[in-house]
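Use these hints to put chains B and C onto chain A, whose structure you have.
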Amino acid sequence: MMTTREIAHLVNGRLHGDADRTLSDVAPLDECGPQEIAYVASEKQLPALRKVQPGAVLAHGDLLPQLPDPAQTPVITVDDPQAAFIEVMLRFRPLPQRATIGVSPNATVSPTAKFGPDCNVHPGAYVGDRVVLGARCEVGPGAVIGDGVILADDVTIHANVVLYHDVHVGPRTTIHAAAVIGADGFGYRLVDGRFLHIPHTGTVVIEEDVEIGAGTTIDRAMIGKTVIGAGTKLDNQVMIAHNCVLGKHNVFASQVGLAGSVTTGDYVQCGGQVGVADHAQIGAGAALGGKAGVSGVVPGGQRYAGQPARPEKDAVKSYIAMTKLPEMRIQLKTLASQVEKLQSQIDQLTRFPESRAA
Amino acid sequence: MMTTREIAHLVNGRLHGDADRTLSDVAPLDECGPQEIAYVASEKQLPALRKVQPGAVLAHGDLLPQLPDPAQTPVITVDDPQAAFIEVMLRFRPLPQRATIGVSPNATVSPTAKFGPDCNVHPGAYVGDRVVLGARCEVGPGAVIGDGVILADDVTIHANVVLYHDVHVGPRTTIHAAAVIGADGFGYRLVDGRFLHIPHTGTVVIEEDVEIGAGTTIDRAMIGKTVIGAGTKLDNQVMIAHNCVLGKHNVFASQVGLAGSVTTGDYVQCGGQVGVADHAQIGAGAALGGKAGVSGVVPGGQRYAGQPARPEKDAVKSYIAMTKLPEMRIQLKTLASQVEKLQSQIDQLTRFPESRAA
Amino acid sequence: MMTTREIAHLVNGRLHGDADRTLSDVAPLDECGPQEIAYVASEKQLPALRKVQPGAVLAHGDLLPQLPDPAQTPVITVDDPQAAFIEVMLRFRPLPQRATIGVSPNATVSPTAKFGPDCNVHPGAYVGDRVVLGARCEVGPGAVIGDGVILADDVTIHANVVLYHDVHVGPRTTIHAAAVIGADGFGYRLVDGRFLHIPHTGTVVIEEDVEIGAGTTIDRAMIGKTVIGAGTKLDNQVMIAHNCVLGKHNVFASQVGLAGSVTTGDYVQCGGQVGVADHAQIGAGAALGGKAGVSGVVPGGQRYAGQPARPEKDAVKSYIAMTKLPEMRIQLKTLASQVEKLQSQIDQLTRFPESRAA
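Residue numbers (the numbering used here), protein chains in the order written: chain A, 1 to 358; chain B, 1 to 358; chain C, 1 to 358.
One chain only, chain A, in its complex shape (with noise of 0.2 angstroms):
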């Protein structure tokens, strides 16, 4: 329970209304009853709040003289109001402690591998040979941590994840379930009519920073490195192929696909789906839209939309110029039979002068 006085203090803002209404939750603004606060993002959601009763808003404070009365319903402006939301989310939620498990008797962990302070090694998990843990490395259960990997500090690896041999984990890293880091590329070369596998000597190395969601896979490079640079956040399935090279801060959405030897620039944007050709150059700051197909160089600093992608004003307007398309099919018979029509009066008027009305 907190008060909204407590509130308005905690998040350093402005109370308007009651400052003594008790809440015991944060809600979506949708689902929000008398118990609970919301905040309200942008003045998009104000007909949203006007069907729910919630116990107390946030808001930015421009958006006050729209707000409900807040002698009814308490108000607490701020100059931030998701980042004050999620403070009173963590007070009323706080996340779980971590505990110090250590390593569990029920996981497999080589004698050769070397650990860090306070790190947890949950049942099942399996850590091999040379592998080395920073300080307060969590590996969940069924993960598998292969041979001579190395974990700086605070690395999370969520339950069941697969890191293949040899791959480098920056600091304040996370992996979620089920992904899988460093398997072999996809490289054969055709002899004889059949595929010979390229062996992968490579690695691959993520740096400090980096989120990775469940079941995204990223392979190792031929020779040299698959990099995920800092910063940079994945989404689920997506798909890194062997020796991209990403820069700092990217985002990548759900299901986006690279192919081999892509490289991005830093602060790059993938929309869910995109596709990558292999050895694509996309520069700092490309956003790509959701489902885009990708190749070749892509200059950075703008939008791409479509596949093949292209500059997002141009997509649209070739986009809206496709709806039109059986109109235009329409409009350019007309045109031909009156093209025809003219083109015969003209013969009429160029061999037969005397037929024009005199």
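Calculated from the structure, these hints are not laboratory results.
Possibly wrong hints are sitting among the right ones.
One copy or two, either will do: identical chains are not told apart, so a pair holds if it fits within one copy or between any two.
Dumping the calculated DSS-like pairs for lysine-lysine here, alpha-carbon to alpha-carbon at most 27 angstroms [unchecked claim]:
hint, residue 1, residue 2
1, LYS225, LYS44
2, LYS333, LYS313
3, LYS225, LYS51
4, LYS313, LYS324
5, LYS333, LYS317
6, LYS324, LYS341
7, LYS333, LYS114
8, LYS114, LYS225
9, LYS341, LYS313
10, LYS313, LYS44
These numbers come from a predicted model, not from an experiment.
Just chains B and C now, kept in the frame of chain A:
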């Protein structure tokens, strides 16, 4: 072994031809031999039927005149040949009986977990603190059931599935291997050039009679619930992002991806690789064709196709027009030069009337 | 360490320049230093070569005149530089020898399972009843081999793979981490408003020399077999639905999805994120470009692109025309107004001949 008479009796069908033909199994139509019974779903399969010599055929009565002579190949006619065929198949190939193995000593089970009657927890599985399982639940080898998860009666969790903490699973629901339910939603705030993860304190609720395919991922909500409605079926490698709320009896084919906060009505269908943008609202009974890309408000009760998706009929028209595009470009050029010629002819006429044939 | 002389001898190549240069490793061209050897695959890489100072270079003899002076940088020329480079790489970086660990006491193995010689079953793996393993099989940590599965000789099952019951895997086949083979097909009957699951009593047969990527899913057939033909290579996160029958030596890139009952001939290639509708028949040697959407009968021996897919040549033409669409719309408007003007000029001429310049 069953005779045609026994089969006809089993499916309550009408037997044409030899009642004493003995059969040992069902078979796909194109591989069916004299010891086996096939079923013919529709006229389209008649050419395939002519290439084989099945021991007997199950079909709808309407097809009888088009089938081979029942004196040679006995025919059993029924109103619903697919249902009848499944019945016969399950007689020849009974599904494996569920053994009650109890909680394997090779599983890791928290002392605070509670089990209904006749649950199986297979070797290598992990069951966390405060987990509650209903009656007859199955937890496959290597499956990880996070703290506080609740499974209702008759839930089947296949091998290597991961349920993060506090996920709820309704009765008679099946989750196939390597699916991951309840990982953190993919939500970030960009602060000082870095993406900060938004804590996700919500959960996932899977209602009754749901089926979830292998490798499918469903993320937990930020504060509320990600919901999979009763009777909904998700194929393999489907992605459902945080805060999505799916209606009842949805059917999503493989590799469909929903971004955050999407809602669907009942009986929504998605073909393979459909992508849905965040906050889209898909009406009841909408059917999205394979690879469609959807955003915004999508009225129910009709079919959509394309990227961006449009009513199927319009999308098909535009597609056909698009295949004519190169031809249209040529027509356009031809017309332009015709018009130019006409213009010069008219200019001639207007300026030099004597040039006309007289 | 190897000298250029030793390397030239190893790959049966021709040495140009210093025979006693010592090298310690291979390296990617753009990271290659004076201790390392690079290979130049084609003229396209010459600019990259100019930026680095490799210890030596492997290349095709035809490139020799364009390479740096061999007096500075020794060059070894061969007919197949990629093959030679792999040979050198494996000398510098020998693949890890397969240890024979036998059946780990931390694995769960049914007493009815049968093992050929020199099999490894790693800790945390599960081997069900009546499983049969050939010689030299590898079952990775956390892998689950369902009842009745048959593995031929030299099969490698990586960590956390799940094989459902009765799946067959041919010799020399490799299945990467977290792949799932043999889950139920996605088939339902709509009865009284509910989708009833169709039991799948068929299986999956994977032939010899197949490679299956991480997170790939292959569903079992309803009654017959889902088949992956010999020599076929599937990348990560590929989806093969029930009753598909793939030919030999198919190569599918990542995130390809095949719906039910698709058949392919030999040497079919799919780029990333290709989608194939149910019952499609793809002819031998067909090559589907990335993101293509395919249905129906697809003649072999040619390239396809687009959604819906068409012969690549036509798809490219339509794509180019599509980028011209906005321009075409303008041309169409211009033409229409020109035609209108022409018409009025002609009307003028026809009605008022005196208006002509005389």
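Hint-by-hint comparison with the structure:
no. : hint              : verdict
1   : LYS225 <-> LYS44  : between (45 angstroms within a copy, 21 angstroms between copies)
2   : LYS333 <-> LYS313 : between (29 angstroms within a copy, 21 angstroms between copies)
3   : LYS225 <-> LYS51  : between (54 angstroms within a copy, 19 angstroms between copies)
4   : LYS313 <-> LYS324 : both (17 angstroms within a copy, 14 angstroms between copies)
5   : LYS333 <-> LYS317 : both (23 angstroms within a copy, 16 angstroms between copies)
6   : LYS324 <-> LYS341 : both (25 angstroms within a copy, 24 angstroms between copies)
7   : LYS333 <-> LYS114 : neither (77 angstroms within a copy, 73 angstroms between copies)
8   : LYS114 <-> LYS225 : within (24 angstroms within a copy, 40 angstroms between copies)
9   : LYS341 <-> LYS313 : neither (39 angstroms within a copy, 33 angstroms between copies)
10  : LYS313 <-> LYS44  : within (25 angstroms within a copy, 32 angstroms between copies)
The structure shown violates the earlier hints numbered 7, 9.
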